[in-house]
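Protein chains: 2
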Amino acid sequence: MIERLAIVGIGLLGGSAAKAARAGRLAREIVGIGRDRGRLEPAVADGTLDRATTDLAEGLGGADLVILAAPVLANEALLEHAWPLVDTGSIITDVGSTKAGLVRTARRLAETRPLAFVGSHPMAGSEQSGYAIARADLFRGATVIVTPTDTTEPRALKTVSAFWEATGARVATLEPETHDRVVAAISHLPHLVADALVDAVRRFEPAALDFAARGFRDTTRIAASDPVMWQEIFHGNRDSLLASLEAFRAALDALEALVRRDDAAALRATLDDIKRAREAVR
Amino acid sequence: MIERLAIVGIGLLGGSAAKAARAGRLAREIVGIGRDRGRLEPAVADGTLDRATTDLAEGLGGADLVILAAPVLANEALLEHAWPLVDTGSIITDVGSTKAGLVRTARRLAETRPLAFVGSHPMAGSEQSGYAIARADLFRGATVIVTPTDTTEPRALKTVSAFWEATGARVATLEPETHDRVVAAISHLPHLVADALVDAVRRFEPAALDFAARGFRDTTRIAASDPVMWQEIFHGNRDSLLASLEAFRAALDALEALVRRDDAAALRATLDDIKRAREAVR
Numbered sequence: 054m055i056e057r058l059a060i061v062g063i064g065l066l067g068g069s070a071a072k073a074a075r076a077g078r079l080a081r082e083i084v085g086i087g088r089d090r091g092r093l094e095p096a097v098a099d100g101t102l103d104r105a106t107t108d109l110a111e112g113l114g115g116a117d118l119v120i121l122a123a124p125v126l127a128n129e130a131l132l133e134h135a136w137p138l139v140d141t142g143s144i145i146t147d148v149g150s151t152k153a154g155l156v157r158t159a160r161r162l163a164e165t166r167p168l169a170f171v172g173s174h175p176m177a178g179s180e181q182s183g184y185a186i187a188r189a190d191l192f193r194g195a196t197v198i199v200t201p202t203d204t205t206e207p208r209a210l211k212t213v214s215a216f217w218e219a220t221g222a223r224v225a226t227l228e229p230e231t232h233d234r235v236v237a238a239i240s241h242l243p244h245l246v247a248d249a250l251v252d253a254v255r256r257f258e259p260a261a262l263d264f265a266a267r268g269f270r271d272t273t274r275i276a277a278s279d280p281v282m283w284q285e286i287f288h289g290n291r292d293s294l295l296a297s298l299e300a301f302r303a304a305l306d307a308l309e310a311l312v313r314r315d316d317a318a319a320l321r322a323t324l325d326d327i328k329r330a331r332e333a334v335r
Numbered sequence: 054m055i056e057r058l059a060i061v062g063i064g065l066l067g068g069s070a071a072k073a074a075r076a077g078r079l080a081r082e083i084v085g086i087g088r089d090r091g092r093l094e095p096a097v098a099d100g101t102l103d104r105a106t107t108d109l110a111e112g113l114g115g116a117d118l119v120i121l122a123a124p125v126l127a128n129e130a131l132l133e134h135a136w137p138l139v140d141t142g143s144i145i146t147d148v149g150s151t152k153a154g155l156v157r158t159a160r161r162l163a164e165t166r167p168l169a170f171v172g173s174h175p176m177a178g179s180e181q182s183g184y185a186i187a188r189a190d191l192f193r194g195a196t197v198i199v200t201p202t203d204t205t206e207p208r209a210l211k212t213v214s215a216f217w218e219a220t221g222a223r224v225a226t227l228e229p230e231t232h233d234r235v236v237a238a239i240s241h242l243p244h245l246v247a248d249a250l251v252d253a254v255r256r257f258e259p260a261a262l263d264f265a266a267r268g269f270r271d272t273t274r275i276a277a278s279d280p281v282m283w284q285e286i287f288h289g290n291r292d293s294l295l296a297s298l299e300a301f302r303a304a305l306d307a308l309e310a311l312v313r314r315d316d317a318a319a320l321r322a323t324l325d326d327i328k329r330a331r332e333a334v335r
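If you're matching them up, the sequences are chains X and Y in order. Residues in the first sequence are numbered consecutively from 54, following our numbering. Residues in the second sequence are numbered consecutively from 54, following our numbering.
I should point out that these hints are in silico values taken from the structure, not numbers from a laboratory. Watch out, some of these pointers could steer you wrong.
Because identical chains share one entry, a pair is satisfied inside a single copy or across any pair of copies.
In silico DMTMM-like cross-links for lysine to aspartate or glutamate, where the CA-CA straight-line distance does not exceed 25 Å [to be verified]:
1. K328 / E230
2. K328 / D271
3. K328 / D263
4. K211 / D263
5. K211 / D108
6. K211 / E82
7. K211 / E180
In isolation and in its complexed conformation, chain X is listed as follows:
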């Protein structure tokens, strides 16, 4: 049982963490922190938060567990601001999509004042955002990647993992750098590719959009995601994203070459391998 849970940023992920904590009685008190008082009100009004504040020091004081759920880049600055304000003994995590930068910041901060930070990444986003679509069961059945390093305090890893498991998530651990490579391949690259697909069609063959069927709609659903959030994610994970993009281009070049030279047998064999790889994804 957490005595006081403080969540900075009450959007889809922060709001869902609060709702899951409330529904599962995971914390005695839940405090929401945000820059805009008006945006926090709905979560107080519906009983998800016990209280809300725009004052970081006030919100963080006395919290055993702090979850940073602001946009990716804001989290790095937030961690700097939060560090001196947090009680000794409290544990900090986040919900951002990139980890290496944040973990580096935490390591640097830990040189001045040791505190227990471990990164989290719930793989449970949406092309929509905001508290209005937050739900207590968002993490149920989802994977949350937790990213300890060799200097992470065991109790931080334990507390944070236990929190996510209590929300119904499956917890996996990866080193921060591995995490960033993995999510570049499985999430950030598909986003960039879906964006490029929509961009190509709207520029090159806009009338075709009237004929979009399920194939196009599914393939490009994530291209409707929040532009600010994704600009920050692309920035935050730039190196891994560019490496993934290089692998994607190589795969696309190889497929194009097979189409161009009409090599039916080789193209079928490759498509067959791809089909099997895709079918193995749960």
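Based on these hints, arrange chain Y on the given structure of chain X.
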């Protein structure tokens, strides 16, 4: 009312056309034609077909409406074989994903014996295939693109459009070449891109597949489609596909350049345009 409907190929699309015709009482008799007797049996056993045959001449004789629902390349050869076997006055259509080649074949055949052909493309596929997943309501709410040319007999266009409308589809007409450009952009390019995504991840970062969430799954769902069917579609629409691919590469290059030079404002503006274009897709 169609007196006799003959369908060549009783898979997902041919089987669904038969089921829709049966459910809507659109034809007095429904005949299924295929190469493999055993594969036709289930559709006779469940009452979808009145009879089934592996003999093209026997199956086509006396049919008012013939639907070619074999794979794309087989349809071109089938059209050649069927042409002399079909009754004068009967109308032929197909359900293939590419049109320019088939329409060219029909035009050439019409020089020797005038017959009424008009192409159809129901935008209602699936990554799965086969009669087992055919359903009477597959076309309900879907778009069927019909591709008349300036030499198409008006009664062929009318009969074929009326048939699809009676299955619950919305019918749109496009010239065959326009159709092929449109579906290259909206269907064949997304397929190739989804294939390349899966191929890149399975080669470059296979462990990442364990962390696939909804974004990756949706973006790559169509990469599990039938390899033979898609090799034929890529072949059949190669020129339009390669043109679409060029547009896609230009869009991807432009996005990559924004990520690479960390131009937050320009990247957000582009992502915002993309988001709006995607949201406008019904």
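Outcome of the hint check:
Taking CA atoms no more than 25 Å apart as the test, K328 paired with E230 passes in neither setting, with 29 Å inside one copy and 29 Å between copies. Proximity of K328 to D271 under the C-alpha cut-off of 25 Å is found in both arrangements, the shortest distances being 17 Å within a copy and 14 Å between copies. In this assembly of identical chains, K328 and D263 lie within 25 Å of each other by CA distance solely across copies; the values are 16 Å between and 28 Å within a copy. Only between protomers do K211 and D263 lie at most 25 Å apart by alpha-carbon distance; the minimum there is 22 Å, versus 51 Å within a single protomer.
Taking the shortest Cα distances, K211 and D108 never come within 25 Å of each other, neither inside one copy (29 Å) nor across copies (69 Å). Only within a single protomer do K211 and E82 lie at most 25 Å apart by alpha-carbon distance; the minimum there is 20 Å, versus 68 Å between protomers. Proximity of K211 to E180 under the C-alpha cut-off of 25 Å is found in neither arrangement, the shortest distances being 31 Å within a copy and 41 Å between copies.
Of the numbered hints given earlier, the model fails hints 1, 5, 7; all others are met.
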